[in-house]
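*Asks:* For the first sequence, the working numbering assigns the number 1177 to the initial residue and increments by one for each residue that follows.
It should be emphasised that the hints constitute simulated quantities derived from the structure, not laboratory data.
This one's a predicted model, so the numbers in the text were calculated from it and none came from an experiment.
One thing to keep in mind: the hints can contain errors.
As the list claims (entries may be wrong) - Here are the simulated lysine-lysine pairs, BS3-like style, with alpha carbons at most 25 Å apart: (1) Lys1656 to Lys1712; (2) Lys2095 to Lys1289; (3) Lys1952 to Lys1963; (4) Lys1441 to Lys1970; (5) Lys1325 to Lys1289; (6) Lys1206 to Lys1244; (7) Lys1746 to Lys1468; (8) Lys1637 to Lys1656; (9) Lys1991 to Lys1309; (10) Lys1278 to Lys1468; (11) Lys2072 to Lys2095; (12) Lys1332 to Lys1658; (13) Lys1813 to Lys1329; (14) Lys2023 to Lys2037; (15) Lys1329 to Lys1859; (16) Lys2018 to Lys1190; (17) Lys1571 to Lys1656; (18) Lys1206 to Lys2053; (19) Lys1412 to Lys1658; (20) Lys1414 to Lys1712; (21) Lys2037 to Lys2053; (22) Lys2023 to Lys1206; (23) Lys2037 to Lys1962; (24) Lys1244 to Lys1601; (25) Lys1955 to Lys1744; (26) Lys2028 to Lys1963; (27) Lys1468 to Lys1572; (28) Lys1955 to Lys1791; (29) Lys1813 to Lys1791; (30) Lys1813 to Lys1963; (31) Lys1991 to Lys2018; (32) Lys1289 to Lys1190; (33) Lys1329 to Lys1459; (34) Lys1601 to Lys1572.
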Amino acid sequence: MEFDFRRIEEEYRKYWIENEVYTVTEDSTKPKYYVLDMFPYPSGAGLHVGHPLGYVASDIFSRYKRMKGFNVLHPMGFDAFGLPAEQYAIETGTHPQITTDKAIATYKEQLAKIGFSYDWTREVKTCDPDYYKWTQWIFLQLFDSWYNKESNKAEKIETLLARFEKENRTVDVDGQPKQWNLLTEDEKQMHLMHYRLAFQSYTEVNWCDALGCVLANDEVKDGKSERGGFPIERRKMKQWSLRITAYADRLLEGLETLEWSESMKEMQRNWIGRSEGALIDFKVKDREDFIKVFTTRADTIFGATFLVLSPEHELVEQLVTAEQKSTIDEYVAYVKSRSDVERQQEKKVTGAFTGAYALNPFNGTSIPIYIAEYVLAGYGTGAIMAVPADDERDKKFAEKFGLPVIEVIDKSMYPGATIEDKLGKMINSEFLNGMEVKDAIAKMLDEVESRNIGSRKVNYKLRDASFSRQRYWGEPIPVKYKVVGEPDSPLKGESDDIPYALSASELPLVLPEVDSFKPSGDGRSPLANNADWVAKNYETDTMPGYAGSSWYFLRYMDPKNKEAFAAKDKLDYWQNVDLYLGGNEHAVGHLLYARLWTKVLFDLGYLPFDEPFKKLVNQGMIQGVSNFLYRIENENKFVSSSIVDGYLHDEVKVDSIRTNIEFVDNKYELDVDAFIKWRPEYKDFDFERSNGAFHVMSVVEKMSKSKYNVVNPDDVIATYGADCFRMFEMFLGPIEQSKPWDDKGISGVSSFLRKFWRLFYSETAWKVTDETPTDKELKVLHKTIKKINEDVEKMSFNTSVSQFMITVNELQDLKCSKRAILEPLVLCLAPFAPFITEELWKALGNKGSVHKAAFPALEEKYLVESEFEYPVSINGKTRASIALPADISQEDALAKVMEIEMVQKWMEGKPVKKFVFVKGRIVNIVV
RNA sequence: ACCCGGGUGGUGGAACUGGUAGACACGCAGGACUUAAAAUCCUGUGACACUUAAAUGUCGUGCGGGUUCGAUUCCCGCCCCGGGUACCA
C-alpha cells in the first residue's frame, strides 16, 4: 500500500477538529506546562518556510510534553495592530481591519496545513475590542500607580496622595514652592504626573515626518526610521510614556533567575546600562555656579586636568569668556550642522575652550573647561571630568589640545592590563596613594559624601518608554481631557488640558471609524479627523505596537473572560510561560516591555509571578537562496554561470540580473522560456548556454518577497507532505542557528517516511505481526526511546531526526515488522510527524488519538552491553581494536590486549610504561 | 572598539563529562531491478601516498603554541565570519 499523505493529512486535520484533540482545560491532577510561540504580525504576504521553524520546534516539544503526562497550554494568536496595515490603508483606503482579517485567515489556513497542536479556542487578536479592553484596563492600572522606592514596588496612586496630604508636602509648582493642601485640583493632577507609571510629559521625541509618527528609540536606527529609512528629527511633543526606568534594577536582577541565552541577557543588560558612580560638584572659578559631573571613577579625580561639557550644556553660554565667545559660537554651530550619522561615523577629536576654569574640589587646582561633542547631553549630567591618564577619549582630547596629563594609576604590576581595566595602585593622589583601584573607588565615594561635594549615583542608559503613537491602527488610550484652559499651566503647548482616566466600566473605548487614515498633519493621529471623538475630548494618540504584545501570554490562560484579563484561579494554575520561542530581534523591545508589565501587575497583586518567560529559545532565521543571471554589460547577452569565467577579464564587465527562483531547478538550471515570459524585456537577449543548459549563480540572503527567493510552505507540503516538511525543517540543523533553505536535502526525509511506512505495509498488504521481538530488536527500540528523550529535552531536533533514520535503517536490515517494536516507535515519532503516526496508530487497532497516548517508557535493561569493542591505542594512536567483557578488570584487559598481534608490532618490543584503561571507552598503551 | 555566537569532507551537519573525528542526510560514482524512466535496493565516497588486490601508512576539526597517556573539546596568543551595542564618562 502506498503512503498517501494527502488523504491522511486531510482526514486527520478534520478528525482533530471534530474530536477537539488539542483543546486544553485546567486539570489539577496533572502538572502544567506552558509552551508559547511569539505570535506573528499577520502580513499580507503570508508565511514563508522561515516563519514556521520555531513553531515546528515548539509543537514537537508541546506534543512530547503532553505524552509525558503534562497538561500543556500551547496557544496561538495574532499581533494584529501595526504599521503595515495602516500604511496600506493610507495608500489604498482599505480599512486595516479588512486587510488584517484577510491576512489572519491566510495565516490560519497555512498553519493548519502544517499540523500544529494549537488550542485555537484560545486564539487572541490584539485588535479585537474584547482583547484590547484589557490592554486599556492595564493602561489604567499603570496610570493609576506610582513606584514606591521604599517598598521597591508599584503601588496605587492613592497611597501617594494620602502621603502628600498627611505630610502636607511642599512641592514645586512652576518653580515656586507650594504646600500640597493649598494646591488646586489641576495643580495636584499636574504634580501626580511626575509619579504615575503611565504619564504624560513634554519630551523630545523622534519625529518622523514621512511616517507622520513618533518612533521609539529602538525603532530608530542610525538616525533613520527602522521601517522605511526615513529621516528623523528631534521635536518636543506632549507624549505618553511608561516609567520603565523605575524598574531598571528589578529588570536587571530578574535576569539572573531566567534560563535565557547569555547573549540575550547581555543585550538587555546593555540596554538598561546600569553604571555606579558619583555626582561631583566642581565650582566654577570666580563664579557662583557649580558644574555637576557624573563619573564612575571618582578615584581618578586627582588626575582630572580639565572638564568637558556637552555643547548643549545649559551653562556654556554663561561661562564663556568674552575672548572665547566667537570660538565657542563657531564650534556650537559646527556641532549643530553635523547630523547624528556624521557624529557617529567620523569620530574626530573636536572641541573648544570656554575660557572658564573650575576648581578641583579636593585640592583646589584650577582646571580649564572645554566643550566637545563626544560628551553627550543626554547621558549623565552632560558634563565630565576628564582624566587623560586613564581614559582613551580624554587622552586623545588632551593630546590634541595640549592639555597636561597626570598619571594617577600605576599599572606596572598588571602587565597586559589596558587603560579600561580597573586595576593598579594609586599614585599622585594624596590620601589615596598606595591603594588598589577597587579600594580607592570605595574610599573616594565615602570622601565625596562626607565632604559634601557630591553624592553616590547610579546612572542608567535606559530611558522611559514612549507610549504615544499618532496613528490610527492601535488601541485608543482610554483617557479624556478636562478642559481647564489655564494660561500658565505647567504643561505648556498647543493644549493645556488635563487627562483623566476613563473608568473601567467605560471600557473598551472602541476605535472609531474615520474618513481618512492619514495623520492629521499637525502631529495628531487620524483620530483627530473624527469630529465625534474630538467633541468627547478623548485622547487622539493611540498605543504603540508593543502594548498588546506586552501581556498577550496572560490572556491565553482565560481568553473569553469578561470580568478580568484572566481569572485568578487560571493564573494560579498556568503561571508563567515555561518555554518561549521566538526570534532574537525582540531582545530589547517586546521582551523588556512584557517583563515590565508583568512586574507591575505582580506589584499590584494581579499576578502570582513577576517574570513572564522562564526559558527562552531563539530560533535562527531561515535565509533564502536568491538566483542571478550573468549579463554582459552593455550587450544584450546572458551567459550561463558555468562558463562565465571565460568572460571575466578586464575588457568585459559582467552584471547580475535577479530571477525568480521559481524558474530554477535544483541543479541551478534556468527555465529560460519561463524567465522571458516573466521578464519580457529580455525576450530578444542572447542566452549563451553550456551543453544546452543555462545555469544561474546563487547568493544566500534574507528570504523576502522583493528578492524573489521566497519558498512557500504550502508548495513544499503539496509535494512532500506536512510531516516531511516538519521533519526537514528540523533536520536542517540546530534550532538556534540561521541557515539557508535548500530543498536538495528534503528527499532524504521524504524517503525516510516512506521507509517507515513500509515497515507496516508491503506493496499490497499490512505486514505487522505479533511475534515476540528479539533482544536485538528491543535494543534498537530502547536506544531510540533514550535518544529521543534526551534530544527533545535539550531541543536537539536535528539529531532526533537522524536517530529515527538510523532506527528505520536498522529495522529494515533486521526485517522487523513486529508490533511490539513498531507501536512504541509510532509513539516516539508522533510529536515530529503527527499525521503518519496518527494513521498508523489507528491501523494498529488503537482507539483514540496517538497524540493523547503516553510516551513509551525506557527500559535500560535492553541497553546493557555484555561486551564492548575497545579501540586500542599505542602512544595515543589507534592501532587495533578488541572486544572485551563489560566487567573486565584492568589487569585482565592488559593481558588480553598484549596478545594482539598489531599491538606487539607497534610496541616494537619496548616495555609498557603506562597502561590506560577507561572502562567502556578506550585502552591506551604508553611505551 | 566592546559583548555574545561560530569556524569540522564537495554540501547541511554529528561527536556524552577530554577517549575510535566525520553519525545521519544530500551530492557524486558504480551496480541491481526495468523495454525505458521514476521509485526502490546494494556498494563506495576526508586528503595524500603506496599497492594487482586485501591491506597499510602519513596528514587532517581556522592559524601558532601549551597542558595531557590522549585535545574538535581545556589554557594562552592570533586570523576570519555572523549577530548585537556603540563617543555612556
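*Asks:* Run every hint past the structure and note whether it holds.
*Replies:* Tested hints:
{"no.": "1", "hint": "Lys1656 to Lys1712", "verdict": "holds, 8 Å"}
{"no.": "2", "hint": "Lys2095 to Lys1289", "verdict": "violated, 50 Å"}
{"no.": "3", "hint": "Lys1952 to Lys1963", "verdict": "holds, 17 Å"}
{"no.": "4", "hint": "Lys1441 to Lys1970", "verdict": "holds, 19 Å"}
{"no.": "5", "hint": "Lys1325 to Lys1289", "verdict": "violated, 52 Å"}
{"no.": "6", "hint": "Lys1206 to Lys1244", "verdict": "holds, 10 Å"}
{"no.": "7", "hint": "Lys1746 to Lys1468", "verdict": "violated, 52 Å"}
{"no.": "8", "hint": "Lys1637 to Lys1656", "verdict": "violated, 33 Å"}
{"no.": "9", "hint": "Lys1991 to Lys1309", "verdict": "violated, 61 Å"}
{"no.": "10", "hint": "Lys1278 to Lys1468", "verdict": "violated, 57 Å"}
{"no.": "11", "hint": "Lys2072 to Lys2095", "verdict": "holds, 14 Å"}
{"no.": "12", "hint": "Lys1332 to Lys1658", "verdict": "holds, 22 Å"}
{"no.": "13", "hint": "Lys1813 to Lys1329", "verdict": "violated, 70 Å"}
{"no.": "14", "hint": "Lys2023 to Lys2037", "verdict": "violated, 30 Å"}
{"no.": "15", "hint": "Lys1329 to Lys1859", "verdict": "violated, 70 Å"}
{"no.": "16", "hint": "Lys2018 to Lys1190", "verdict": "holds, 15 Å"}
{"no.": "17", "hint": "Lys1571 to Lys1656", "verdict": "violated, 54 Å"}
{"no.": "18", "hint": "Lys1206 to Lys2053", "verdict": "violated, 53 Å"}
{"no.": "19", "hint": "Lys1412 to Lys1658", "verdict": "holds, 22 Å"}
{"no.": "20", "hint": "Lys1414 to Lys1712", "verdict": "holds, 19 Å"}
{"no.": "21", "hint": "Lys2037 to Lys2053", "verdict": "violated, 34 Å"}
{"no.": "22", "hint": "Lys2023 to Lys1206", "verdict": "holds, 22 Å"}
{"no.": "23", "hint": "Lys2037 to Lys1962", "verdict": "holds, 12 Å"}
{"no.": "24", "hint": "Lys1244 to Lys1601", "verdict": "violated, 59 Å"}
{"no.": "25", "hint": "Lys1955 to Lys1744", "verdict": "violated, 48 Å"}
{"no.": "26", "hint": "Lys2028 to Lys1963", "verdict": "holds, 21 Å"}
{"no.": "27", "hint": "Lys1468 to Lys1572", "verdict": "holds, 23 Å"}
{"no.": "28", "hint": "Lys1955 to Lys1791", "verdict": "violated, 34 Å"}
{"no.": "29", "hint": "Lys1813 to Lys1791", "verdict": "violated, 55 Å"}
{"no.": "30", "hint": "Lys1813 to Lys1963", "verdict": "violated, 55 Å"}
{"no.": "31", "hint": "Lys1991 to Lys2018", "verdict": "holds, 22 Å"}
{"no.": "32", "hint": "Lys1289 to Lys1190", "verdict": "holds, 11 Å"}
{"no.": "33", "hint": "Lys1329 to Lys1459", "verdict": "violated, 37 Å"}
{"no.": "34", "hint": "Lys1601 to Lys1572", "verdict": "holds, 23 Å"}
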